[in-house]
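2 protein chains.
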Amino acid sequence: MAVRKKKLINQRQTILRDMLAGFASAYPDVVRLTDDGLIVRARPKSAGKVGLVIGNGSGHEPAMIGLVGEGLFDVNVPGEIFTAPGPERIVAGIKAADYGAGVLLCVSHHAGDLMNAEIALELCQAEGIEPVEMVVLYDDISSAPKGNEPERRGTAGLFFVWKMLGAYAETGASLADCKRMAEAIRDNTRTLALALTSCASPITGETMFEMPDDEMEIGMGVHGEVGIGRHKVVSADETIDLMLPRLLEDLPFNTGDEVLVLLNNSGSMTLMELYILHRRVAERLAQAGIRHYKSWIGPYATTQEMAGFALSLCRVNARMKYLWDAPANGAFLKGV
Amino acid sequence: MAVRKKKLINQRQTILRDMLAGFASAYPDVVRLTDDGLIVRARPKSAGKVGLVIGNGSGHEPAMIGLVGEGLFDVNVPGEIFTAPGPERIVAGIKAADYGAGVLLCVSHHAGDLMNAEIALELCQAEGIEPVEMVVLYDDISSAPKGNEPERRGTAGLFFVWKMLGAYAETGASLADCKRMAEAIRDNTRTLALALTSCASPITGETMFEMPDDEMEIGMGVHGEVGIGRHKVVSADETIDLMLPRLLEDLPFNTGDEVLVLLNNSGSMTLMELYILHRRVAERLAQAGIRHYKSWIGPYATTQEMAGFALSLCRVNARMKYLWDAPANGAFLKGV
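Protein chains in written order, with our numbering: chain A, 1 to 336; chain B, 1001 to 1336.
Just so you know, the hints here were simulated from the structure itself, not pulled from any lab data.
Please note that a few of the clues may not be correct.
Stated by the list, open to error - As a list, the in silico SDA-like pairs of lysine to any residue whose alpha-carbon atoms are at most 25 Å apart:
1) A/Lys179 to A/Ala92
2) A/Lys5 to B/Val1226
3) B/Lys1005 to A/Lys294
4) B/Lys1294 to A/Ala21
5) A/Lys5 to B/Ala1200
6) A/Lys294 to B/Pro1327
7) B/Lys1232 to A/Ala200
8) B/Lys1334 to A/Arg291
9) B/Lys1334 to A/Trp324
10) B/Lys1005 to A/Arg291
11) B/Lys1294 to A/Leu16
12) A/Lys334 to B/Asp1029
13) B/Lys1334 to A/Ala200
14) B/Lys1006 to A/Pro245
15) A/Lys334 to B/Arg1319
16) B/Lys1006 to A/Glu258
17) A/Lys6 to B/Glu1238
18) B/Lys1005 to A/Pro212
19) A/Lys294 to B/Glu1206
20) B/Lys1321 to B/Ala1286
21) A/Lys321 to A/Glu183
22) B/Lys1005 to A/Ala92
23) A/Lys294 to B/Leu1033
24) B/Lys1005 to A/Gly205
25) B/Lys1334 to A/Lys6
26) B/Lys1321 to B/Glu1283
27) A/Lys321 to A/Asp257
28) B/Lys1334 to A/Arg32
29) A/Lys179 to A/Asp241
30) A/Lys6 to B/Glu1215
31) B/Lys1334 to A/Pro150
32) A/Lys321 to B/Pro1327
33) A/Lys294 to B/Lys1045
34) A/Lys232 to B/Val1226
35) A/Lys232 to B/Thr1207
To be verified - Between beta-carbon pairs, the in silico distance windows are:
36) A/Ile203 to B/Arg1230: 47 to 53 Å
37) B/Asn1254 to A/Ala318: 51 to 57 Å
38) B/Arg1180 to A/Ile203: 35 to 41 Å
39) A/Ser235 to B/Lys1232: 39 to 45 Å
40) B/Arg1319 to A/Gly128: 52 to 58 Å
All C-beta atoms, glycine included, are put in the ideal place defined by N, C-alpha and C.
Build out the structure end to end from the sequences listed, making use of the hints.
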């Protein structure tokens, strides 16, 4: 088993505080840590543009603190490890992202995050903070069947939304248009994940789930939520052959489509393995007549030291490609 | 133990070939894989500029294939896993990087790499390929005492050289000046690493070294070479307090100096931990009156899924800061 219980922290109680202080100390030209624990852009957007906010449980770094910056999010509201931030903190985040053209609150679909976001929106209404809109995002095809897409979980593929929506808001697009763009990217995105090992919670020190040495799980969520099922470990090519057809069928992605590819490292996969996996993805896409625009391979949304990856595809048009290629300057995402 | 013996590959014999094909398939706008297994820039430098080449054993991804691109290396000669490429392949790399102003062959100091580089230079002389210069680079203070710097190993801190030398060669600097710049950056760089766990070799499937559950090793090399010694696992702050003073004394870094900081992820450290570690680094530098310019935190030179990190400092002047901030476009290093 590849679970690592020894971690270099100070105290369990101070993980979030220490991490945010350390993160902000590393990137003073990109982000600032506020007194109330928000990560905000070091250089605010110009007035009259839509502000973008997201809240999330921590423990998935670089998500989402590493995605705050020019051409990306304006404010991240980081919760405790694997815990959605409370509604009051989300309201504080919305206020910090208000440049006079409204604020779009992005929610990666998980029960706690959605509930707290809905309460935050009610608080904003009561306080007269407006306009504020919410967009709920999901991509994991293993968490609910086709036809029930809004019940699916938000996972690594949402990075397609973060990057392109961030670029879109910089163009001065309206709040309604930003929300529509986020939905359009979401509706063209599909993800399926795989885990080889579990990981240890930094809070409890305990293994998050059990995984036999010769098995892998297809479809696991970012907190170890159950997926499609266990499978004996097979080769890299066979793994992609198990996963990719499910993704292609789901949207479906068709001959002539053009796609972005994300191979997200859940924690301790080697890039060596991810590159080997990408070889088969590229080969299979070419065979299906699907054009490959660009790829991202690396740790964008992690679950501690879990060994695994998520394969995400996003069907893009000319406008999305423009947004994909637009400048960005976050701590973990620069000059795409 | 956090060693992971199950890895998603196809066959052990085809790891390098599959990995290079997959890497090139992901980044066609950045790199190209040649028929003889070199990774070269997709868009060559303009004629009359110095070409930069490096060879290295694979298994340390993104090093060095991810560092080929504009403002970085022109050619990487990737060897088999943990195995230096042979002299003939290095010569092929030198030929591929020749834009008419000479080629600088960079060598990260390890016995096999140095020997093969020296033979490659002799082959170039015999073939009349010139001018070609070699620069040997090292940074790991645990591998030889102060005063014997040229005996030290090359480790993660050499990324300071790669980034700034790459930018310098783009300015049209001469071969002699490029070599001097590489040496100057090297001579201002110091690294000390730490390992919490071992890893499994992707070739043999076996654990590379043994590490008790409650210990860590300070000063380990990128292939598990022995360091300063074992230590009981302590807190993040105490870990930095064990490591940073040794680095500061070695150069030495003094009050008023300005530094770049690298916290390189050896494989499966979480960014959560690395950010917590950085908090203490920033605090201690401030206390010592050393100015912090910018930081890099992430997986730049890995040893498979080993849990550990390297802390590197580089003292910079105005010219180096300019080179640090210059554009770059590699698969794993963009728009710094």
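Going through the hints against the structure:
1. A/Lys179 to A/Ala92: 20 Å, holds
2. A/Lys5 to B/Val1226: 23 Å, holds
3. B/Lys1005 to A/Lys294: 31 Å, violated
4. B/Lys1294 to A/Ala21: 15 Å, holds
5. A/Lys5 to B/Ala1200: Holds, at about 18 Å.
6. A/Lys294 to B/Pro1327: With a Cα-Cα distance of about 20 Å, the restraint between A/Lys294 and B/Pro1327 holds, given a limit of 25 Å.
7. B/Lys1232 to A/Ala200: The hint holds at about 20 Å.
8. B/Lys1334 to A/Arg291: 24 Å, holds
9. B/Lys1334 to A/Trp324: Distance ~14 Å between B/Lys1334 and A/Trp324 Cα, so the pair holds.
10. B/Lys1005 to A/Arg291: 35 Å, violated
11. B/Lys1294 to A/Leu16: Holds, because 22 Å separates the two Cα atoms, which is no more than 25 Å.
12. A/Lys334 to B/Asp1029: 16 Å, holds
13. B/Lys1334 to A/Ala200: 32 Å, violated
14. B/Lys1006 to A/Pro245: Holds. B/Lys1006 to A/Pro245 sits at ~24 Å (cutoff 25 Å).
15. A/Lys334 to B/Arg1319: 22 Å, holds
16. B/Lys1006 to A/Glu258: Violated, at roughly 33 Å.
17. A/Lys6 to B/Glu1238: 15 Å, holds
18. B/Lys1005 to A/Pro212: Holds, because 12 Å separates the two Cα atoms, which is no more than 25 Å.
19. A/Lys294 to B/Glu1206: 35 Å, violated
20. B/Lys1321 to B/Ala1286: 19 Å, holds
21. A/Lys321 to A/Glu183: Holds. A/Lys321 to A/Glu183 sits at ~16 Å (cutoff 25 Å).
22. B/Lys1005 to A/Ala92: 46 Å, violated
23. A/Lys294 to B/Leu1033: With a Cα-Cα distance of about 17 Å, the restraint between A/Lys294 and B/Leu1033 holds, given a limit of 25 Å.
24. B/Lys1005 to A/Gly205: 22 Å, holds
25. B/Lys1334 to A/Lys6: Given pair B/Lys1334, A/Lys6 is violated - Cα atoms ~33 Å apart, limit 25 Å.
26. B/Lys1321 to B/Glu1283: Holds, at roughly 22 Å.
27. A/Lys321 to A/Asp257: Distance of about 13 Å is within 25 Å: holds.
28. B/Lys1334 to A/Arg32: 22 Å, holds
29. A/Lys179 to A/Asp241: Not OK: A/Lys179 and A/Asp241 at ~34 Å, beyond 25 Å, violated.
30. A/Lys6 to B/Glu1215: 9 Å, holds
31. B/Lys1334 to A/Pro150: 35 Å, violated
32. A/Lys321 to B/Pro1327: 21 Å, holds
33. A/Lys294 to B/Lys1045: With a Cα-Cα distance of about 22 Å, the restraint between A/Lys294 and B/Lys1045 holds, given a limit of 25 Å.
34. A/Lys232 to B/Val1226: Since the Cα atoms of A/Lys232 and B/Val1226 sit roughly 36 Å apart, the hinted pair is violated (cutoff 25 Å).
35. A/Lys232 to B/Thr1207: 22 Å, holds
36. A/Ile203 to B/Arg1230: 47 to 53 Å: Distance hint for A/Ile203, B/Arg1230 is violated at roughly 27 Å.
37. B/Asn1254 to A/Ala318: 51 to 57 Å: Given about 54 Å between the Cβ atoms, the range holds.
38. B/Arg1180 to A/Ile203: 35 to 41 Å: Once the Cβ atoms are compared, 51 Å apart, the range 35 to 41 Å for A/Ile203 and B/Arg1180 is violated.
39. A/Ser235 to B/Lys1232: 39 to 45 Å: With a Cβ separation near 40 Å, A/Ser235 and B/Lys1232 satisfy 39 to 45 Å, so the hint holds.
40. B/Arg1319 to A/Gly128: 52 to 58 Å: Hint holds: Cβ distance 53 Å, inside 52 to 58 Å.
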